[in-house]
Amino acid sequence: MSNVPADLKYARSHEWVRSRGDGLVEVGISDHAQHALGDLVFVEVPTVGRTLQQGEACAVVESVKAASDVYAPVGGTVVAVNEALAQAPELVNQDPYGKGWLMRLKVDGAGAGELLDAAAYTALADAG
Amino acid sequence: MGRRTPLHDLHVAQGARIVDFGGWDMPVNYGSQIEEHHAVRRAAGVFDVSHMGVVDVRGPRARDFLQRLLANDVARLTRPGKALYSCMLREDAGILDDLIVYFLDPQWYRVVVNAGTRAADLAWMRTQAAPFAVELTERAELAMLAVQGPAARAHLAALLAPPDAQAALALPAFCGAALGGWFVARTGYTGEDGFEVMLPAGEAAALWNALRARGVAPCGLGARDTLRLEAGMDLYGSDMDASTHPLESNLAWTVAFEPAGRDFIGRAALEAVRAAGSARLLTGLLLGERAVMRSHQRVVSTAGEGVVTSGTFSPTLARSIALARLPAAAATPGATVQVDVRGKLWPARVVNPPFVRHGQAQVDLE
Chain A
265 MSNVPADLKY ARSHEWVRSR GDGLVEVGIS DHAQHALGDL VFVEVPTVGR TLQQGEACAV
325 VESVKAASDV YAPVGGTVVA VNEALAQAPE LVNQDPYGKG WLMRLKVDGA GAGELLDAAA
385 YTALADAG
Chain B
6 MGRRTPLHDL HVAQGARIVD FGGWDMPVNY GSQIEEHHAV RRAAGVFDVS HMGVVDVRGP
66 RARDFLQRLL ANDVARLTRP GKALYSCMLR EDAGILDDLI VYFLDPQWYR VVVNAGTRAA
126 DLAWMRTQAA PFAVELTERA ELAMLAVQGP AARAHLAALL APPDAQAALA LPAFCGAALG
186 GWFVARTGYT GEDGFEVMLP AGEAAALWNA LRARGVAPCG LGARDTLRLE AGMDLYGSDM
246 DASTHPLESN LAWTVAFEPA GRDFIGRAAL EAVRAAGSAR LLTGLLLGER AVMRSHQRVV
306 STAGEGVVTS GTFSPTLARS IALARLPAAA ATPGATVQVD VRGKLWPARV VNPPFVRHGQ
366 AQVDLE
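Residue numbers (my numbering), protein chains in the order written: chain A, 265 to 392; chain B, 6 to 371.
Rather than coming from a laboratory, the hints here were simulated on the basis of the structure. Please read all numbers here as calculations on a predicted model, not as lab measurements. All C-beta atoms, glycine included, are put in the ideal place defined by N, C-alpha and C. Take these hints with a grain of salt, some might be off.
Just the calculated beta-carbon pair ranges, DEER-fashion [said to hold, decoys possible]:
no., chain 1, residue 1, chain 2, residue 2, range
1, A, V343, B, A211, 53 to 59 Å
2, A, K363, B, L322, 21 to 27 Å
3, B, T307, A, V343, 43 to 49 Å
4, A, N267, B, G348, 46 to 52 Å
5, B, P85, A, N267, 51 to 57 Å
Build out the structure end to end from the sequences listed, making use of the hints.
Written out as structure tokens, the structure reads:
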């Protein structure tokens, strides 16, 4: 089944959040999500400096099959985006928790408590 | 749970991702749809298409029946084994299905229909068959595998007894033959060379595994869809259905108006459309930007609005391609129209399908 690293937090909308301990988080989509989407062909990331509300549509991952919105799992300001995805969207399929990261946010603190741990996300993904 | 082909458990065991397709549980891919697509364009892939319906039509008036039933003319089939692509129409020329009919002998034809329509097709055929006293038999005990790609024919031939292999390799395009209990035809839905093989369900797993052992890639319906769209082939239920007729579905070439005396179902309605000129036409679209056209998206042109009927990312061309039904005046190759992709209008160029044939781009990318 899909890979759900224990050290990450997850949104119900299938994004993952890695805390970097300095008020910064890294965000991507889960292995379950990339698997459901299939081969990605385009990834559209937000512009650096944009302020995101938790739950706001902020990126688009488009596969051969369909386009899907990515929602900000926490509120914050975009401080970096994964430029490599413009040329190599397949990185999200190949390494969703590593080279396939989407963006880094400076967190504003809102909403982080609503994220799921790995066990809860696994239950959600298996049910869906 | 949907209906399952004889290979369902094998697909699951071999890692297929299963989706619902017209009430059938079918493999959509075995990992990467794009890799499966490239395997068919560059070497060979195998698809389980056992969900399609095989119907044998037998009787002294089988030919008369099919000349009435189908918009294309089975009288064009003179050589045993030869196949013909046709639409089956209602009286108002709405398309009930598209199908392939094989001429096996003067009293025996074989029709292959779509999975989603097979029950309705059979019911329609039975109703229309009454005056012709033909026997219609659904061959549900057969499985069907499509082996497609530039290397596909050689891979299948290597698994046949030498005389059968020779006969298979000698088949002209769009012809089939009964070989050792199997029916092998040089047909497909990918724009590549290859075979479709109808065989007893109990023998299908062994053939599947033997092809895989030779390096033929297992392929799902995802790759089948991108391959057929690159090849400019319509998909029933997306590009045409009972609300559309062949002349607005890029299928005028499949309607045999000659001989004028052949009274096929839908003829009168189509004659009227032909006389007036079809108001809409199905054509290809090519998008240069980093966006992907999808079915149901709106197309805007100076001649009015149209709609995308099938759209995808073309793995071969690395850009988005589509089939779209446009006002006839907008469907001019080379013209630019606008496609509403998720709320934003993108310029797309009207092109004549196919986009790709035998591994080669058929459209100018710039």
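Inset, instruction - Would you pick out the hints that fail for this structure and give their numbers low to high? - result: Number 4 only.
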